[in-house]
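S.K.: Sequence:
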Amino acid sequence: MNTRSIGLVTILIPLVFQLQAQKTPKVTSPNTPFNKVEAEAMIGKDGTCTIKGFVSKKSNYMVNLVELYPCTDYFLEFLELKKKDKKGKKAIYLSDEAFSYRILTMIGADGSFEFKGLNPGKYYLQTRVVQTKVGNGEKQVGTETTTTYNGLGIQVGQGSRAIMEKTRYLYQTDENLAKIVEIGTNGQVINLTL
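For the sequence shown, the UniProt record's numbering begins at 1 and goes up steadily by one.
Keep in mind the hints are simulated off the structure, nothing from the lab. Do not rely on the hints blindly, as some may be mistaken.
[Claimed, not checked] Pair by pair, the computed Cβ-Cβ distance ranges are:
{"id": "1", "residue 1": "Asp96", "residue 2": "Ala162", "range": "52 to 62 angstroms"}
{"id": "2", "residue 1": "Gln158", "residue 2": "Lys82", "range": "53 to 63 angstroms"}
{"id": "3", "residue 1": "Lys166", "residue 2": "Asn31", "range": "14 to 24 angstroms"}
{"id": "4", "residue 1": "Ile190", "residue 2": "Val130", "range": "35 to 45 angstroms"}
{"id": "5", "residue 1": "Lys36", "residue 2": "Gly135", "range": "46 to 56 angstroms"}
{"id": "6", "residue 1": "Thr148", "residue 2": "Leu177", "range": "52 to 62 angstroms"}
{"id": "7", "residue 1": "Lys84", "residue 2": "Gln140", "range": "38 to 48 angstroms"}
We put the CB at the ideal spot given by N, CA and C, even for glycine.
Whole structure, please, built from the sequences with the hints as guidance.
M.R.: And the structure:
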């Protein structure tokens, strides 16, 4: 084996161990089977119930949609899995079929939204609110050095301090607003604020 081959092996072996150490998160989904019939019954077109709402946060609405999911046992288990994963390290997803039973509606310029044609049951509503904010702070623009000498001209100390300048900056916040709502009877209109 020549030196070039040994060098290549020396580089590749640590790389292989590093790649093995970087595990991709295991995708998790609820164990409860998705009940398509129940979901269809809740969001069927023959429903007489309405959910009217208002997004309380002022926003530039980069994501100007509210999502509604029927709270079947499958979906409630999904929410419980998300709740247990406080650090957000797990990849928890709905099945494609369950995801297809969500309803989307636009948020109006005044922050209002509405879902019509629903039947009694529990529903999960969520939206993302992205806000642009202004912050005040300081940034370092230089350093000032001070040197101290005694009466004989011998240096006895030296110090530095940062020169700071006040500044304003823009930043964005991204917040998920969510709520579970229960419709009890036919024809009911629910008013809520996210």
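S.K.: Each hint should be assessed against the structure and marked as holding or not.
M.R.: Consistency of the hints with the structure:
1. Asp96 <-> Ala162: 52 to 62 angstroms: Since the Cβ atoms of Asp96 and Ala162 sit about 54 angstroms apart, the hinted range of 52 to 62 angstroms holds.
2. Gln158 <-> Lys82: 53 to 63 angstroms: holds (56 angstroms)
3. Lys166 <-> Asn31: 14 to 24 angstroms: The hint (14 to 24 angstroms, Cβ to Cβ) is violated, given that Lys166 and Asn31 are roughly 55 angstroms apart.
4. Ile190 <-> Val130: 35 to 45 angstroms: About 26 angstroms separates the Cβ atoms of Ile190 and Val130, which means 35 to 45 angstroms is violated.
5. Lys36 <-> Gly135: 46 to 56 angstroms: holds (48 angstroms)
6. Thr148 <-> Leu177: 52 to 62 angstroms: Holds: the Cβ-Cβ distance is about 58 angstroms, inside 52 to 62 angstroms.
7. Lys84 <-> Gln140: 38 to 48 angstroms: holds (43 angstroms)
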